[in-house]
Amino acid sequence: MKLKNFREIKEGAVLEAGTSIENKTGGWKTFRPEVDFKKCIHCMRCVIYCPDSCIPVKDKKRLGTNLNYCKGCAICEEECPIKCIKMVRK
Amino acid sequence: MYKDGEEMKTIIKALTGNGAAAYAMKQINPDVVAAYPITPSTQIMEDFSMYHANGLVDSDLIRVESEHSAMSACVGASAAGARVMTATSSQGLGYMFEVLPVVSGLRLPIVVNIVNRSLSAPLNIHCDHGDSMSARDLGWIQIYAEDAQEVYINNLLAIRLAEKVKLPIMLMQDGFITSHCVIGVDVLDDATVKKFVGNYNPEKTLLKDDITIGTLALTDYYFEFRLQQIKAMNEAKKEFIKIDNELNKIIKHSTGYFEEYKLKDAKAAIVVMSSTAGAVKEVINDLRSKGKKVGLLKLRLFRPFPYEEIKKALKGKKVIVMDRSISLGANCPLYSEIKNSGVSNIHSIIFGLGGKNIYDEDIKDIFERALKNKLKEIEYIGVRE
Ligand code: SF4
Ligand code: SF4
Chain A
1 MKLKNFREIK EGAVLEAGTS IENKTGGWKT FRPEVDFKKC IHCMRCVIYC PDSCIPVKDK
61 KRLGTNLNYC KGCAICEEEC PIKCIKMVRK
Chain B
91 MYKDGEEMKT IIKALTGNGA AAYAMKQINP DVVAAYPITP STQIMEDFSM YHANGLVDSD
151 LIRVESEHSA MSACVGASAA GARVMTATSS QGLGYMFEVL PVVSGLRLPI VVNIVNRSLS
211 APLNIHCDHG DSMSARDLGW IQIYAEDAQE VYINNLLAIR LAEKVKLPIM LMQDGFITSH
271 CVIGVDVLDD ATVKKFVGNY NPEKTLLKDD ITIGTLALTD YYFEFRLQQI KAMNEAKKEF
331 IKIDNELNKI IKHSTGYFEE YKLKDAKAAI VVMSSTAGAV KEVINDLRSK GKKVGLLKLR
391 LFRPFPYEEI KKALKGKKVI VMDRSISLGA NCPLYSEIKN SGVSNIHSII FGLGGKNIYD
451 EDIKDIFERA LKNKLKEIEY IGVRE
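So the protein sequences, as listed, match chains A and B.
The first sequence finishes on residue 90 if you use my numbering, and the numbering steps up by one all the way, no holes.
The second sequence finishes on residue 475 if you use my numbering, and the numbering steps up by one all the way, no holes.
Hints may be right or wrong, so weigh each one.
Listed next, the in silico DSS-like pairs over lysine-lysine satisfying Cα-Cα at most 27 Å (straight line) [claimed, not checked]:
1) K10(A) x K254(B)
2) K332(B) x K10(A)
3) K10(A) x K256(B)
4) K294(B) x K4(A)
5) K466(B) x K401(B)
6) K462(B) x K383(B)
7) K90(A) x K29(A)
8) K402(B) x K371(B)
9) K38(A) x K61(A)
10) K294(B) x K10(A)
11) K10(A) x K327(B)
12) K10(A) x K298(B)
13) K328(B) x K10(A)
14) K254(B) x K4(A)
15) K4(A) x K256(B)
16) K2(A) x K294(B)
17) K4(A) x K298(B)
18) K380(B) x K352(B)
19) K402(B) x K339(B)
20) K4(A) x K321(B)
Far from chain B, by Cβ distances over 10 Å, these chain A residues were calculated [to be verified]:
21) F31
22) F37
23) K38
24) C40
25) C43
26) V47
27) I48
28) D52
29) C54
30) V57
31) R62
32) L67
33) K71
34) E79
Counterexamples of contact, computed for chain A against chain B with all Cβ distances above 10 Å [unchecked claim]:
35) K24
36) G27
37) W28
38) T30
39) E34
40) D36
Simulated from the structure, these hints should not be mistaken for laboratory data.
Beta carbons: idealized from backbone N, C-alpha and C, even for Gly.
Construct the complete structure from the given sequences, taking the supplied hints into account.
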């Protein structure tokens, strides 16, 4: 990506909203969460605890983790009440 | 300046330096004022609170629990698109310190009145410039006032300048000497001030636009943002003069980057900021009546620093720079800058730390010894050595 020069950027580091969507930070992780959907009871605990809000939900069901943003912190693994999340090497 | 016989819309009010700042703030009528009181700037907020309580301003007055919160509230309000002002002194400025480069980095045009007071320890409430000088490299414009009259005009000027170049401004006056001393101040009527300062119309604000401010900029962009600030400071120097000239058309007293007092033909010249300039003028009058060619350069604009103009004004003179602050382990702030401007025949006088008085006789002695080439390169005046 060609970086902009000082004339091309907005003073005060002002950006259009929502740039964190473009900035895919998932590359930071060493481990990724693997969910056993046969066991998952869709209690939403992992969804609430995930500091990156990268666990999507649809029709009251927890979907697969969005690995573009998941940092691999393992908080979901820790919080899952039935232990159906396992951290595995990327 | 006035043309002969021309009428101006000013009246004279008896005001202290603090009172003049508060009166200007009343007329500017900023959207938000967030402040925490500290000696000797407290009266600014006392007066402004009174204007607020009496319904004379529309401002939201936020009473916070510390100076860190005061400046933080100012940041939020300014980013939301408000015109914002505040006031502080000494340790209060110290407590704001973490937020100060955030303000300038976010390019928020906040104006703060700083009533100069020495820094602790030892604890002291009296004037020196140690507080504002410690914040001189944080991307804020700095303007120093000699008296309450300059405090008043500097406030009007600062609002326009800050918003024009998107940089915050610190306005200094000497603690107690200026802040608590009543003089006759020419003030404009409210309508003229309103017209002069105009409305604040920022390009983008948090309230109206979908924006993120204060984003992360690492090795890829940080330097570029700093370069923008450097350019903005250069721009501020040009705009300062333009707005100062405009102000001079509606109220006298503006003198540009610096005031020259009997400087043109002077052999020895003192360079000083703030209230001490008044005493130096008295001494110059006295010495001039005895045929001694002495003069004064009283600096108003310290950041951005007008190097070329100062070099020109001081050319060929013996220059005595008087600092009311020190930079421990280095040359004093004002002396360093005057030296940087390329002035060669130059002496450094350090005086008035912690509010120590300087007397006419001291200044007279400095001039006389300078004319006889008997001044050392660096001298401390008024301290028991
Ligand atoms: S590992 Fe951390 S970031 Fe990734 S889904 Fe689990 S809680 Fe979220
Ligand atoms: S915490 Fe465990 S059981 Fe609950 S939704 Fe997440 S993965 Fe499923």
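Results of checking the hints against the structure:
1. K10(A) x K254(B): holds (15 Å)
2. K332(B) x K10(A): holds (25 Å)
3. K10(A) x K256(B): holds (12 Å)
4. K294(B) x K4(A): holds (20 Å)
5. K466(B) x K401(B): This hinted pair holds, its Cα atoms lying about 21 Å apart.
6. K462(B) x K383(B): It holds: about 12 Å lies between the C-alpha atoms, which stays within 27 Å.
7. K90(A) x K29(A): With Cα atoms ~8 Å apart, K90(A) and K29(A) stay inside 27 Å; holds.
8. K402(B) x K371(B): Judged against 27 Å, a Cα distance of about 21 Å means the pair holds.
9. K38(A) x K61(A): holds (13 Å)
10. K294(B) x K10(A): Roughly 10 Å between the alpha carbons, so the hint for K294(B) and K10(A) holds.
11. K10(A) x K327(B): holds (21 Å)
12. K10(A) x K298(B): holds (17 Å)
13. K328(B) x K10(A): holds (22 Å)
14. K254(B) x K4(A): holds (24 Å)
15. K4(A) x K256(B): holds (21 Å)
16. K2(A) x K294(B): Distance of about 25 Å is within 27 Å: holds.
17. K4(A) x K298(B): The given pair, whose Cα atoms are some 26 Å apart, holds under the 27 Å limit.
18. K380(B) x K352(B): At roughly 14 Å apart (the allowed maximum being 27 Å), K352(B) and K380(B) satisfy the hint.
19. K402(B) x K339(B): holds (26 Å)
20. K4(A) x K321(B): holds (17 Å)
21. F31: holds (24 Å)
22. F37: holds (35 Å)
23. K38: holds (40 Å)
24. C40: holds (34 Å)
25. C43: Holds: least Cβ distance 33 Å, greater than 10 Å.
26. V47: holds (24 Å)
27. I48: holds (24 Å)
28. D52: holds (16 Å)
29. C54: holds (19 Å)
30. V57: holds (24 Å)
31. R62: holds (28 Å)
32. L67: holds (22 Å)
33. K71: holds (15 Å)
34. E79: Check passes; 28 Å lies beyond 10 Å.
35. K24: Correct as stated: the minimum Cβ-Cβ distance to chain B is 15 Å, above 10 Å.
36. G27: holds (15 Å)
37. W28: Non-interface label on W28(A) holds, nearest chain B Cβ at 14 Å vs cutoff 10 Å.
38. T30: holds (21 Å)
39. E34: Correct as stated: the minimum Cβ-Cβ distance to chain B is 30 Å, above 10 Å.
40. D36: holds (36 Å)
Consistency with the previously given hints is maintained throughout, with no hint failing.
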